[in-house]
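Please construct the entire structure, taking both the sequences and the accompanying hints into account.
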Amino acid sequence: MLRALQIALLLLVSMLFGFFYGITMKQRNILHSILHFRDSRTLSNLTPVQIMTEFQEPTRTGFTSIKPTSPQQTTQKNLVTEQNGISKTSKMSTNAKNIRLNEINPLYVLRHGNGIIFLETGDRTQPPALVLCALESAARVYPERPVVFFIKGLSDVNTKYDEENIQRKFPTLSSFPNIYIFPLKLEEVFKDTPLLSWFQKTNRDLEQYWIHVSSDGCRLALIWKYGGIYMDSDIISIRPIPGHNFLAAQFPLESNNAIFGLSTHHEFPWVAMTDFVKNYKGAVWGHQGPQLFTRVLKNYCDFSKFDGIEDIVCGNISFLNPQRFYPISYPQWRRYYEIWKSFPTFNDSYGLHLWNTMNKEQISMVPGDKTLVQHLYQEYCPTTYAAFATNEKIPH
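For reference, each letter of the sequence shown is one residue, going 1 to 396 in this note's numbering.
No lab work stands behind these hints: they were computed from the structure.
Model, not experiment: these values are computed from the prediction.
Straight-line Cα separation of at most 30 Å, BS3-like style, residue types lysine-lysine; simulated pairs:
| no. | residue 1 | residue 2 |
| --- | --- | --- |
| 1 | Lys185 | Lys201 |
| 2 | Lys278 | Lys152 |
| 3 | Lys341 | Lys360 |
| 4 | Lys298 | Lys225 |
| 5 | Lys201 | Lys191 |
| 6 | Lys152 | Lys360 |
| 7 | Lys281 | Lys225 |
| 8 | Lys278 | Lys191 |
| 9 | Lys370 | Lys360 |
| 10 | Lys191 | Lys225 |
Written as structure tokens, this is what we have:
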């Protein structure tokens with residue numbers, strides 16, 4: 001009798017355990033489903049349309065002034081902190097060889113959102129000395145970040161052998177482990193952006209400024225996809241930029257798109273790409289570039305009182321004053337090719353835009369001529385300068 005009672009009690013306990021276990025697992029599954037749904041709504045899993053649907057409309061605000069401290073006062077420690085933790089995680093200089101051996105593609109190289117991006121949207125595959133200087137100076141100023149040069153006329157890079165062949169074409173750049181060169185595939189760049197339909201329906205043979213407007217579009221799409229900094233290939237870097245979301249003024253009330261930096265999937269380039277297509281005027285010089293940036297920036301803040309002396313903040317974007325990259329404005333571009341009694345220090349600048357589009361006469365740097373541009377080559381791209389001075393095969 002006692003034995004039967006013990007067995008019955010054991011069965012009762014087992015049934016109760018099974019009942020409560022089933023309830024617990026059901027609640028756990030429900031909770032797991034909720035968490036999975038939340039996780040699946042991360043930015044990386046949303047379509048571009050969904051991403052922009054979830055963005056709030058940019059709020060137009062007044063500007064906030066930033067004291068115009070000299071770039072030289074920014075310490076390297078501050079730079080690591082201000083660059084969104086990028087320098088701590090990428091370790092590009094030490095890991096460059098492993099990255100090159102394992103993954104030779106832009107998606108992997110630019111995965112940290114800290115790349116420096118250059119473009120060649122023409123058919124030129126042999127960049128002139130100024131382009132090489134721009135790349136070298138960026139690689140020197142940002143040794144922990146990948147410097148990526150996209151060239152439209154370049155063939156595919158699929159293997160280490162392909163990459164070594166490219167390095168042989170650019171001997172002055174081969175010693176920099178953080179420089180990468182990839183073919184520029186326009187349709188692939190524009191895919192999943194508002195620019196794809198525009199690109200597919202545009203008759204490029206009828207476009208007066210196709211190389212320039214396609215470059216204007218590419219830089220927006222690449223920065224939206226990968227984040228980082230875009231630079232024109234006639235910008236010589238002289239010191240690090242202490243921030244990651246910025247546009248730069250060429251005049252107090254005018255932005256320029258020759259250099260800008262934004263985080264991955266920042267709303268500004270998406271809004272700019274939408275405006276690019278909606279208000280496209282390819283025959284109007286600058287309409288898809290500086291004028292576009294100025295139009296879109298006005299959605300973020302009122303900078304009508306911007307005096308061009310201090311940097312200002314528009315929402316989550318810094319609008320840098322003209323001294324940061326354009327201390328010599330485009331009407332005065334020839335000054336770079338003049339002899340100076342004493343060279344300017346450019347203490348308030350992060351880089352120098354040489355306005356090569358204005359250089360219709362194709363004036364180039366001459367080694368030993370004591371011009372400002374010769375001084376800049378010696379100082380910020382000495383490898384390119386040495387090759388140029390010894391008559392190595394570098395186009396002017």
